[in-house]
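Participant: If you read the sequences in order, they're chains A and B.
When you line the first sequence up against our numbering, it's residues 1 to 309, in that order.
When you line the second sequence up against our numbering, it's residues 1 to 309, in that order.
Among the hints, erroneous ones may be present.
[To be verified] The list that follows gives simulated cross-link-like pairs (lysine-lysine, BS3-like), each with its CA atoms no further than 27 Å apart:
#1 A:K117 - B:K180
#2 B:K117 - A:K117
#3 A:K180 - B:K275
#4 B:K117 - B:K275
Bear in mind the hints are in silico, worked out from the structure with no lab data behind them.
Quantities reported herein were computed from a predicted structural model and do not represent experimental measurements.
Chain by chain, the residues:
Number of protein chains: 2
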Amino acid sequence: MLATDDLHAPKGESATFDLSTYLTQQQALVEAALDSSLPVTYPEKIYEAMRYSLLAGGKRLRPILCLASCELAGGTVEMAMPTACALEMVHTMSLIHDDLPAMDNDDYRRGKLTNHKVYGEDIAILAGDGLLTYAFEFIASNTQNVSAARVLQVIAQLAKAVGAAGLVGGQVVDLESEGKPDIQEETLNFIHTHKTGALLEACVVCGAILAGAESETLQRMSRYAQNIGLAFQIVDDILDITATQEELGKTAGKDIQAQKATYPRLWGLEESKVKAQQLIDAAKGELATFGEKANPLIAIADFITTRTH
Amino acid sequence: MLATDDLHAPKGESATFDLSTYLTQQQALVEAALDSSLPVTYPEKIYEAMRYSLLAGGKRLRPILCLASCELAGGTVEMAMPTACALEMVHTMSLIHDDLPAMDNDDYRRGKLTNHKVYGEDIAILAGDGLLTYAFEFIASNTQNVSAARVLQVIAQLAKAVGAAGLVGGQVVDLESEGKPDIQEETLNFIHTHKTGALLEACVVCGAILAGAESETLQRMSRYAQNIGLAFQIVDDILDITATQEELGKTAGKDIQAQKATYPRLWGLEESKVKAQQLIDAAKGELATFGEKANPLIAIADFITTRTH
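Looking at chain A on its own, in the form it has when it is part of the complex (with noise of 0.2 Å):
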């Protein structure tokens, strides 16, 4: 997994690590673990619906973040993958529900028509419910050589990452702030450090707690999710402005004329591209310790501000 000759590497201490090639092969992991991970059965039309969404594709980068964090705190991607899968299921939820009318109300997503395009409202909402509950069910029942003890705190993690104190709650917020450009810098975080950042969080908590990590490592991987999740955002807001619409594969400038609330508003694009930097330089001073077993988390962290798109 290591090449000298990745012109996209990043610089600095992972400038050896194949980051592309790394990912391609974490993902395709995932993807055959998710397509075994459930089996269509009678009715089928909710396991298909379900099937649907969870493998239409995508980075697959919560999966990818919990098996790194488990192997970097001396784990193997064994251990991890139920979990991983399960983060990807809750991820794919909420994908579905903010899709429907009565939230977003979108289409398309990743250029497919969104479940309930397909499948009707009613079976959305159900194919959500049905990947949130399985996702627990999938931890409880798959997870092998871990103690019982640990798979009760990931399952507590991921829980609380999802519900009112975490993603559900940041969704809350998010709508209440629609139409309100002038909101707070203390909202906008919110939205985002709940709406995003507690799942990043969970996915690389969980993988650490799976290992048997120190209470030391979880904090560090706290930390290190919170400054990648604020970053990753900050910097779509920046591309929003900055990118063409052909690097974004999306109408740029989407925030602007829906008025949204975002960094470059509240900080200037300048700053704005300071302050996303400074959160990946803490993210990667949190793995400082840990030598090469950090190289992918390193590695991802700094394609954060290095994407284009």
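We have chain A already, so just place chain B on it with the hints.
Facilitator: Coordinates of chain B only, in the frame set by chain A:
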């Protein structure tokens, strides 16, 4: 909790057990536990929406079954209370999502406006998601004096009962059967054993798991719940035809008007009554070896056929 003067006590081996007093006492315990399970914090709206439906009353039959089964198997109320609360959270989630315009489109439940009529569809969807995930967090984080392995078993059991292999799957087949009064007995059984039966089964099985019951007891609990679950539905169908509107508290004859598939339509009224009683007898038969400790579950089974609304 025993009394000889209750005129409404069912006949037979539990004739001296005062079910009405028992239910009132247990309901008060559950109500208090639910009330303190979910404090309101920022963002208040989502917690208020979750509490609005969670604390909207009801018989609390599911938590009470869980507590009774745990005590029957030698456990305590304290061991089972977090799971009992979680069962009600999950049940509440299913009601909130079921009432949505895209599903049954109900404006009222138990005489109160449904969740989406008060908080909006978006918040109602999120309140359901929040309750579902909080149920798992609550079990994982609050269960005391039970081994982690058993708690994990409870989580797997509950998750399966709610998902596509249980409640969600039952709802899908129910939706597919709408407007088809001539569906087969097999399909009608599937709907009821999944839409309501699976969660009832989880109630008593989880209670027994928490108490450390052996596999034979767990199987008896499963069969008890499957039998009372189906009997409950048959009696519901019968009452829709025979009860007066006053007794029912809702429009009588709704099923016939809606051309709904029911057991009396399949079997006739008299045969339906016979089958319901056979199921109740079978349910009580599963409890014969447990002596007095089985009184609450026996009385609850009897109550199903003697109720008039």
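Participant: Tell me, in ascending order, the numbers of any earlier hints that this structure violates.
Facilitator: 3 and 4
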